[in-house]
Amino acid sequence: MGASRDERPAVITIPQDLLPRDGHFGAGPSKVRPEQLAALASRGADLLGGSHRQAPVKQLVASVQDGLTELLRLPEGYQVVLGNGGATAFWSVATFGLVRDRAQHLVLGEFSRKFSKLTAGAPFLAEPEIVEVPAGQGARCHATAGVDVYAWPHNETSTGVMLPVERVEGADQDALVVVDATSGAAGIDVDLDQCDVYYFSPQKGFASDGGLWFAVMSPAAIERARQVAATDRWIPDVLSLTTAIDNSVKHQTYNTPAISTLILMDEQIRWINEQGGLSWASARTADSAARLYEWAEKTPWASPFVPDPALRSQVVGTIDLDDQVDAERVIAELAANGVLDVFGYRALKRNQIRVGMFPAVDPDDVTRLTRCVEHVLSQL
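In the numbering used here, the protein residues as written are 1 to 380.
Hints are not guaranteed to be accurate.
Pairwise CB distance ranges (calculated) [stated by the list, open to error]:
(1) Ser279 x Ser303: 25 to 33 Å
(2) Gly77 x Pro15: 48 to 56 Å
(3) Pro164 x Ser303: 17 to 25 Å
(4) Arg371 x Pro164: 29 to 37 Å
(5) Thr231 x Ala290: 45 to 53 Å
Quick list of in silico lysine-lysine cross-link-like pairs, BS3-like style, CA-CA up to 30 Å [what the hints assert, rightly or not]:
(6) Lys250 x Lys58
(7) Lys349 x Lys114
(8) Lys349 x Lys298
(9) Lys349 x Lys117
Because the hints were derived from the structure by calculation, they are not lab data.
All C-beta atoms, glycine included, are put in the ideal place defined by N, C-alpha and C.
Starting from the given sequences, assemble the full structure and let the hints guide the process.
Spelled out as structure tokens, the structure:
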């Protein structure tokens, strides 16, 4: 799939032999493979415009659920639950339906902060415990009596920090580990025995569109949702986790789902599983990341934003540029040549580029991206 050109004419022309074969490097929405688009055109003719309560769409949902079960190697008893609204909506779903009294949040950037703000503002919950570190750094949860949900991102999309998925030693016996995998799922290997909820949107590692959330839930998490729902807490129907669980068992959503999103996601899951599954995808993104960070470390005017190599994301790479380099100009020239969406996260306000390296991205294209950056700088 060729990248579209920026509307502003290029001042600098990047030679064709330096350009990536596909210039999409967005941190989400991310690159969509041309084979997915072809499948959308062919399969969509039978699925788009049909009721999501009927067999064809329910079979599509079931295919996505089965594919995720294989890809993520679901432990016994875990279920794939889905609903409308994306991961942003799931933060509200979890606030209403998973946190019994108090959560602990690791805040590494803008996305992990947003979830913490919801539990902090919920009048029916105790004040959450916030463990916040400066952007670009990582942290680990610590056991606190009375905390019943420990929440952090597998990959903080805004900063490019990657954290392990693991149980919290010494936590209360029924405490849940709830991991935001929106930019980590499908691109970073994971042992789901180490968490109770692993939730994500499909527009990043799954190379799809927005509009849905998915949550892989343990039996303990499903039981927690039912316990909370049985209390006198008011929960809007559209944000009811138990409603989503019950509908997901029937391979449907409470509201009408985005069929095109499901088709694109189903095709991507099939492709990854055919290539070798999650271990293959994780090795592929690690290859891309190694190329990006090694380039930055040997380039005088560039450096990885995340100082600890063990915490550097293999799916969203953040690279600081020297103050003498005008990152906005570089990004604009790249876009005018069809190399797209490498801008840093706006709230960080840093002179940097941010590179999506999800499984759909060819590692060789990451290398070509670095050469394009060098070419632009040589011409400025």
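Structure-based check of all given hints:
Distance hint check: the CB atoms of Ser279 and Ser303 are about 30 Å apart, consistent with the given range 25 to 33 Å. Our hint of 48 to 56 Å for Gly77 and Pro15 holds, since their Cβ atoms are close to 55 Å apart. A hinted range of 17 to 25 Å holds for the C-beta pair Pro164 and Ser303, which are about 24 Å apart. Look at Arg371 against Pro164: about 33 Å separates their beta carbons, and that is inside 29 to 37 Å.
One distance hint, 45 to 53 Å for the beta-carbon pair Thr231 and Ala290, holds here, with the actual separation near 49 Å. Simply put, Lys250 and Lys58 have alpha-carbon atoms about 8 Å apart, close enough for the 30 Å limit, and the pair holds. Among the hinted pairs, Lys349 with Lys114 is consistent with the structure: their alpha-carbon atoms are about 18 Å apart, no more than 30 Å. A C-alpha spacing of about 24 Å is found between Lys349 and Lys298, which places the hinted pair at or below 30 Å, so the restraint holds.
For a cut-off of 30 Å, the pair hint linking Lys349 to Lys117 stands: about 21 Å separates their Cα positions.
Consistency note: the structure conflicts with none of the earlier hints.
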